[in-house]
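**Q** Each chain, written out:
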Amino acid sequence: MSQHSVTRYPVSLQINGERYDVDVAPDTSLLDVLRDEFGLTGTKANCLEAECGVCTVLLDGKAVNACITLALQCQGRQILTIEGLAHGGELHPLQTAFIECGAVQCGYCIPGMILTAKSLLDTQPDPDEAAIREGLAGTLCRCTGYQKIVDAVAHAARQMNQQQSQIKTTTTGDRQ
Amino acid sequence: MSANYRIVGKSHPRFDAVGKVTGKAIYGTDFALPGMLHGKLCRSSQANARIKALHVDAARRMPGVRAIVTAADVPCERYGSFIKDMEVFAAERVRYIGQPIAGVVARSAAEAEAAAAAIVVEYEALPAVFDPEAALAPDAPRVHEDLLQYKAMPTVRREGNISNRARLIYGDVEAGFARSDRIFTHRYSTCMVHPGYTEPRAAVATWDSDGRYTVWSNTQLPFEAQNTLADILMVPASQVRVICTVIGGGFGGKLRLGVEHYVAVMAKACGRPVKMVTSTEEEMTTAYPRQPVIVELKTGVSADGRILAKQGRIIVDTGATSGSGVGVGSSSALILAGPYRIPNLLIEGLAVYTNKTPTGSFRAPSGPQANFAVEAQMDAIAEAIGLDPLEFRLRNILRDGDVAPNGQQLGKVSLEECLRKAADAIGWADRKPGPWRGKGIACSWWTTTSGSSGVYVKVDPDGKVVMNTGCAEIGTGALTGAAMVLAEDLGVAVDDISIVSADSTATPFDYGAQGSRTAFAVGNACRAAVVILRQQALAAAAKRLDVAEDKLTLADGKVSGEGKSLSLADIARGLQLSGGGLIAHGTFIAPPTMYDAKRSENMVITTLNSPSFHAHAAEVSVDPQTGEVRIEDYVVAQDVGFAINPIYVEGQIEGGVMQGLGQALSEEIVYRDGRVLNANLTDYKMPTAVDAPRIRSILVECPSESGPFGAKGVGEPPVIEPPATIANAVAAACGCRIADLPITAEKVATALQASPRA
Ligand code: FES
Ligand code: FES
Chain A
14 MSQHSVTRYP VSLQINGERY DVDVAPDTSL LDVLRDEFGL TGTKANCLEA ECGVCTVLLD
74 GKAVNACITL ALQCQGRQIL TIEGLAHGGE LHPLQTAFIE CGAVQCGYCI PGMILTAKSL
134 LDTQPDPDEA AIREGLAGTL CRCTGYQKIV DAVAHAARQM NQQQSQIKTT TTGDRQ
Chain B
461 MSANYRIVGK SHPRFDAVGK VTGKAIYGTD FALPGMLHGK LCRSSQANAR IKALHVDAAR
521 RMPGVRAIVT AADVPCERYG SFIKDMEVFA AERVRYIGQP IAGVVARSAA EAEAAAAAIV
581 VEYEALPAVF DPEAALAPDA PRVHEDLLQY KAMPTVRREG NISNRARLIY GDVEAGFARS
641 DRIFTHRYST CMVHPGYTEP RAAVATWDSD GRYTVWSNTQ LPFEAQNTLA DILMVPASQV
701 RVICTVIGGG FGGKLRLGVE HYVAVMAKAC GRPVKMVTST EEEMTTAYPR QPVIVELKTG
761 VSADGRILAK QGRIIVDTGA TSGSGVGVGS SSALILAGPY RIPNLLIEGL AVYTNKTPTG
821 SFRAPSGPQA NFAVEAQMDA IAEAIGLDPL EFRLRNILRD GDVAPNGQQL GKVSLEECLR
881 KAADAIGWAD RKPGPWRGKG IACSWWTTTS GSSGVYVKVD PDGKVVMNTG CAEIGTGALT
941 GAAMVLAEDL GVAVDDISIV SADSTATPFD YGAQGSRTAF AVGNACRAAV VILRQQALAA
1001 AAKRLDVAED KLTLADGKVS GEGKSLSLAD IARGLQLSGG GLIAHGTFIA PPTMYDAKRS
1061 ENMVITTLNS PSFHAHAAEV SVDPQTGEVR IEDYVVAQDV GFAINPIYVE GQIEGGVMQG
1121 LGQALSEEIV YRDGRVLNAN LTDYKMPTAV DAPRIRSILV ECPSESGPFG AKGVGEPPVI
1181 EPPATIANAV AAACGCRIAD LPITAEKVAT ALQASPRA
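Residue numbers (my numbering), protein chains in the order written: chain A, 14 to 189; chain B, 461 to 1218.
Warning: the hint list may mix true and false statements.
[To be verified] From chain A, some residues computed to sit far from chain B (all C-beta separations above 10 Å): (1) VAL35; (2) LEU83; (3) GLN91; (4) SER132.
[Claimed, not checked] Simulated crosslink set (BS3-like; lysine-lysine; CA at most 30 Å straight-line): (5) B:LYS892 x B:LYS758; (6) B:LYS1145 x A:LYS75; (7) A:LYS75 x B:LYS484; (8) B:LYS470 x B:LYS881; (9) B:LYS611 x B:LYS1058; (10) B:LYS484 x B:LYS924.
Everything labelled a hint here was simulated from the structure, so no lab data went into it. Just so it is clear, the structure is predicted and the values come from calculations on it, not from any experiment. C-beta: ideal position from N, C-alpha, C; glycine also.
Construct the complete structure from the given sequences, taking the supplied hints into account.
**A** Written out as structure tokens, the structure reads:
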């Protein structure tokens, strides 16, 4: 949180499809705004210097570390946090896969892991194991040894590709 | 084995998964209260110094500051587990860099941090000691001059900088060495490693005018936190309530108070809720890392490869306070004896003070360090006497009905099965599958920690069940395992059960999430609760159905007999009207493990309860140019007794192995002159998804007599063998035996330069 003596600037953010307006100090991170101003604590905090990945959110679809992203850099941009991933109470295939594959232990790395995986699958829908590991390498997990997380991402990719091909064959819809 | 059971033995999703994948779970770092302020600490910049003066006035005038607290605000002088050698704030003397001296409360964490930096401490530097062997010298600087005046458990034996000297001793080692054909002496050392939980330690405290404290924290042990806080604050324990938030990993690093005592003192000082979260730098410099050790082992063997005598000493560097180091010094003797038959033994475990950060109980405290030494030496000896390392182990391992080194009577011993299964899976027959490639094996034994557990189990009027336990879920999934045991016995579905946990006021006592005991002990308490619930349900149903109790059975969520039945929901509704509901308090305490007291001197840990046995095998390749070690394959054969929830048993193995591999290959808190040089997550190298090999888990099920459905402790063992396994595989691959952890590329390359061999 910023100190009172510093000038604050208005910024408008699109978080999980909703508009949020707030005044922030120039050095306020996106992470602090999400967690402290808006109570979106699903985005986790740990190292605060881009080393652990638990704070990962999607900024215009790309995975970024919210701890080193300035709130003012995000003016008018689309931010997806873990709270925005499930649609109408229905879990995203990645969330379901993480549960089914036993990929969740303490869970503290999981929001960052899932969003990192989403950005990977959005650009590379059918990654092999090496590509998944490469894609997740910026997010530390201390509980799982990564194995079931890697399996969950591969499982979700298959589910999503199947859904995708079903959608293509039945409708022209573009839901991801 | 699981075929007969409805629920246990089959994988089931964890109860708290949805909250964790949707971001709804509230962890310690997330918890907030209205009007909450933030605390930060001013820490020592000196490794050993007298505090000449403390100037807080400038800090007090900084923006946003609401209170400053020091030793004067803390009622108790010293606290601690085995020896009361810890201070909340240093009063007159600091003993390590990072030791808290004062705390600041401000509107924001940034303001508190700025003010903490403005506190001025005048020091008078004193000579410090950082090397535990140097600390043993009679003229070494004393970390605690008044050590003998501190309150301590009567078992500990203190002297100089030694906080305890424990011995495991029997037979006559000199006679054993005299009879030996070969005698080997080796020295091994390990370094300090961090548990590495991804959620920093965090707590929020409130203090009410009636003198009550409430603390929300990510501690593993709410009841221990309650009692320690009561000691520190000098109030009755009933005036302290500790409630666990969701916990982002612990691994033993969140057993002891982290920030709870600071926020409690601060909350009283300013009358507002106060929150504190540790920074990564604080984590890497002042958390409770694993103790570095130095081990010397002397082992005598016969020409045919039988161990005749073993003598050893382990020096456990506990840092500036003894913490759990006293226990580590003791349990390491059991691990150094190894899961082996040894006719003559003398192991000494010294816990030694140095001017470094206080250490703690990271997963399987003493396990990886001691096992690295004993298993690396086993391989060195096997090579020297021309025996296959597996064969050498098989000639010496403990077997069914043996008496273990501590005099403990063993039942069935699954070690040979574990060793053979791991060896078969890795393809042991071909130990050197190519140039610069090799395979290694290591084995050990470990405990299922005892201590009591209690649960309240309540059936709601809709037939759903509430399991109320004092144990915290630290991430392992063990409470889901306990709920599966409950569901199996009660005849309901796992999804019918919801869990309330870890609140020192509202939940029944539990010894806590530590020592691989949660599923074991809480599961057993659930079984005890079902016995009572069944009696209540049958008695109630007998009346309402007019059927004799002994004709009734409880299954599938209902009580039935003689063609009539009543659902648990019905019974629970009826008992709400007539008997206070369908509710039971189930308790469990593990039966004591007998041992030979004559064999242990000053040991604070004397037995391994419901012992588990395990073997790890790895294939590695070594880059002859860079010395870099690559893990090509990794197998674990672990006796889990009975796998209640196999997917999470595997998860424990995979995660534990990865922590062990970190210690084996890359992790080290690097100290120079008492200062940590790598207090960040880039220079402290934990394995990433790219470094992590695939782990193949083989679950061996040799049931424990006292575990639920035969289950044993699962969580700690996997972290024990990786350093030894990798060291032995590296030796097989390139001929270099690295005796000092971590086995970095640099050390391997240097060793290769001295004696290259493919
Ligand atoms: S908190 Fe942002 S990367 Fe660690
Ligand atoms: S699940 Fe605990 S850090 Fe990944």
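**Q** Evaluate each hint against the coordinates.
**A** Now the hints, each set against the structure:
1. The claim that VAL35 of chain A lies off the interface holds: its Cβ sits roughly 16 Å from the closest Cβ of chain B, which is beyond the 10 Å cut-off.
2. The claim that LEU83 of chain A is not at the interface with chain B holds, since no C-beta of that chain comes within 10 Å of its own (minimum 15 Å).
3. Distance check for GLN91 of chain A against chain B: the nearest CB is about 18 Å away, which clears 10 Å, and the non-interface claim stands.
4. Distance check on SER132 of chain A: its Cβ is at least 15 Å (rounded) from any Cβ of chain B, clearing the 10 Å threshold; non-interface status holds.
5. A hinted pair counts as satisfied when its Cα atoms are at most 30 Å apart, and LYS892 of chain B with LYS758 of chain B qualifies at roughly 28 Å.
6. With a C-alpha separation of about 26 Å, the suggested pair LYS1145 of chain B and LYS75 of chain A falls inside the 30 Å cut-off, and the hint holds.
7. Of the pairs offered as hints, the one joining LYS75 of chain A and LYS484 of chain B holds, with about 23 Å between alpha carbons and a cut-off of 30 Å not exceeded.
8. A threshold of 30 Å between alpha carbons decides the hint, and for LYS470 of chain B with LYS881 of chain B the separation of about 22 Å falls inside it, so the pair holds.
9. Pair hint LYS611 of chain B plus LYS1058 of chain B holds up; C-alpha atoms about 26 Å apart against a cutoff of 30 Å.
10. Restraint check: the Cα-Cα separation between LYS484 of chain B and LYS924 of chain B comes to about 23 Å, which is no more than 30 Å; the hinted pair holds.
This entry satisfies every hint, going by the numbered hints stated previously.
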